[in-house]
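Chemist: Once you know that position 438 of the sequence shown is 1028 in this note's numbering, the rest is easy, because the numbers rise by one and skip nothing.
Calculated directly from the structure, the hints in this document are not laboratory data.
Don't be surprised by glycine CBs; every beta carbon is placed ideally from N, CA and C.
Careful, some of the hints might be misleading.
Here are the simulated SDA-like cross-link-like pairs (lysine to any residue), alpha carbons at most 20 Å apart as the crow flies [to be verified]:
{"no.": "1", "residue 1": "K912", "residue 2": "G744"}
{"no.": "2", "residue 1": "K912", "residue 2": "L745"}
{"no.": "3", "residue 1": "K864", "residue 2": "P822"}
{"no.": "4", "residue 1": "K864", "residue 2": "V764"}
{"no.": "5", "residue 1": "K912", "residue 2": "R902"}
{"no.": "6", "residue 1": "K864", "residue 2": "Y742"}
{"no.": "7", "residue 1": "K864", "residue 2": "G744"}
{"no.": "8", "residue 1": "K864", "residue 2": "I970"}
{"no.": "9", "residue 1": "K912", "residue 2": "Y742"}
{"no.": "10", "residue 1": "K864", "residue 2": "G1014"}
{"no.": "11", "residue 1": "K864", "residue 2": "V768"}
Just the calculated beta-carbon pair ranges, DEER-fashion [what the hints assert, rightly or not]:
{"no.": "12", "residue 1": "G722", "residue 2": "R979", "range": "26 to 32 Å"}
{"no.": "13", "residue 1": "L754", "residue 2": "V774", "range": "29 to 35 Å"}
{"no.": "14", "residue 1": "A909", "residue 2": "S815", "range": "18 to 24 Å"}
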Amino acid sequence: MADLSTVPGWAAVARHRRIHRLGLLQGTALFVGAVLGPGVLALPKLAAAAAGPASLVTWAALLALSVPVSLTFAALGARFPDNGGVARFAGSAFGRHTAAAVGWWFFLAVTIGVPAGALIGGEYVAVALGLGPQATAQVACGLVVAALVANYTGLRLSGWVQLLLLVLLVGLLVAAVVAAVPYVERDNFTPFTPYGWTGVASAAGVLFFAFAGWEAASHLSAEFSDPRRHLPWATVLTLIVVGVLYLGLAVTTIGVLGGRAASSPVPLTLLLEKGIGGAARTITAAAAVFLTFGAINTYIAGGARLGSALARHRALPRALAKGGAAGEVPRRSLTLLAVLTGLATAATVGFRIDLDTLLRATSACLAAVTIVGTAAAVRILPPRSAGRRTAVVATLFAAVVLASFGIYLFVPAFIGLVAVMFRGSSRRTVVPAAIASEPAHAATSLERRPSPQGSPV
């Protein structure tokens, strides 16, 4: 998750800096926060389980995919500075029904991603305490309930707290990699493809979760003091930071843990133990709880606002729109989100749905958003421009990755169909200018404004 969304919690930072526009360093920090999330605490294990050492190929391939995708959204943001996000561009290129589908993909991704994030925190706590799967489920349920209660009472994590959580996550990743590097063994990389090359494709379906978030460039662009100059460089710097962290983590996980990389739910704990011993369990468990609670609290808060925004434009029942104004708590939308998230969490615990399944379903929705965004860029960026050529490459690459989801494509396909049917049944004739492209930015104004093509979205 990202989340799920792509920049959970960062709207507060962006608004705080609206008077003092974002420079290169601040913008880079926001982008790094958009891509990195607590999901990375578990993804190395899931990737290794799918492809073994060959999962390194998947990590590298998705980083390569990130180059044209991130540059495409940077081109959109630099040319059309706007905080409407992917849904706004999708509406411009393909119409209101596509914009509604994008909104639904983000909204329902929250309901799947929240229990997934909670399970990650639960697993780290259970391992630290020497407990089993039941404790994992109990901690996960506790995190979800705590986040829902916090949102009903209006508790929000400030942008600066989110920034501190990002620093905590980056510090944890760096410490784990540095501690583990001296223990890398060449033999752990053989056999390289124990599950064949189909395993590499399968790993892409779960690892995409770690690479969702590049669309942040399209809606944070309006916050830059000079988007045409700073946005591309912020994107490049983010690619470098994320690439170094991800590849370092992937290589050390395989090189140090070997076969355990595919079986341990807490790979960072095992890596950090190489440097500081048994204290690593307590440290990583505490960090995982803070990181996952911070993430799911913000996902839920933003998801509730997104639901309210969708309702204002008849992409959800109109009654859910109440409470969406700045400073208010959208309790009706939050109640719907709480019910759906509760059902998803209960199903996860009751039917023992594993983390891999949850992350693949969430990633499928986020991948659908990505390909719609890059395809929209092909239509609305100037012909024969470098940005449009990059968008074509990004769309083709994204289509290949999307195909790797297999049966999980049913999730965004079904959600999109229901969204289009619901939106089509509405008698509203004015198309929403911007349905916030993700939970964190769902409070963005949706007034009818000119589209990038010069006509209403």
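Chemist: Sort out whether Y742 lies within 20 Å of K912, counting only the CA atoms.
Modeler: holds (14 Å)
Chemist: Hinted pair, alpha-carbon criterion (20 Å max): K864, G744. Please report holds or violated.
Modeler: Outside the cut-off at roughly 41 Å; violated.
Chemist: Are the Cα positions of K912 and G744 separated by 20 Å at most?
Modeler: holds (15 Å)
Chemist: Is K864 within 20 Å of I970, Cα to Cα?
Modeler: violated (51 Å)
Chemist: Can you confirm whether the C-alpha distance between K864 and V764 stays at or below 20 Å?
Modeler: holds (13 Å)
Chemist: Holds or violated: 26 to 32 Å for the Cβ distance of G722 and R979?
Modeler: This hint is violated: roughly 53 Å between Cβ atoms.
Chemist: Straight-line Cα separation of K864 and P822 no greater than 20 Å?
Modeler: violated (38 Å)
Chemist: Mind checking the hinted window 18 to 24 Å against the Cβ distance between A909 and S815?
Modeler: violated (41 Å)
Chemist: Below or equal to 20 Å on CA atoms is what counts here, so check K912 against L745.
Modeler: holds (18 Å)
Chemist: Taken at face value, is the distance from the CA of Y742 to the CA of K864 at most 20 Å?
Modeler: violated (42 Å)
Chemist: Hey, K864 versus G1014, does the alpha-carbon distance stay inside 20 Å?
Modeler: violated (57 Å)
Chemist: Hinted pair, alpha-carbon criterion (20 Å max): K864, V768. Please report holds or violated.
Modeler: holds (10 Å)
Checked against the numbered hints above, the structure violates hints 3, 6, 7, 8, 10, 12 and 14; every other hint is satisfied.
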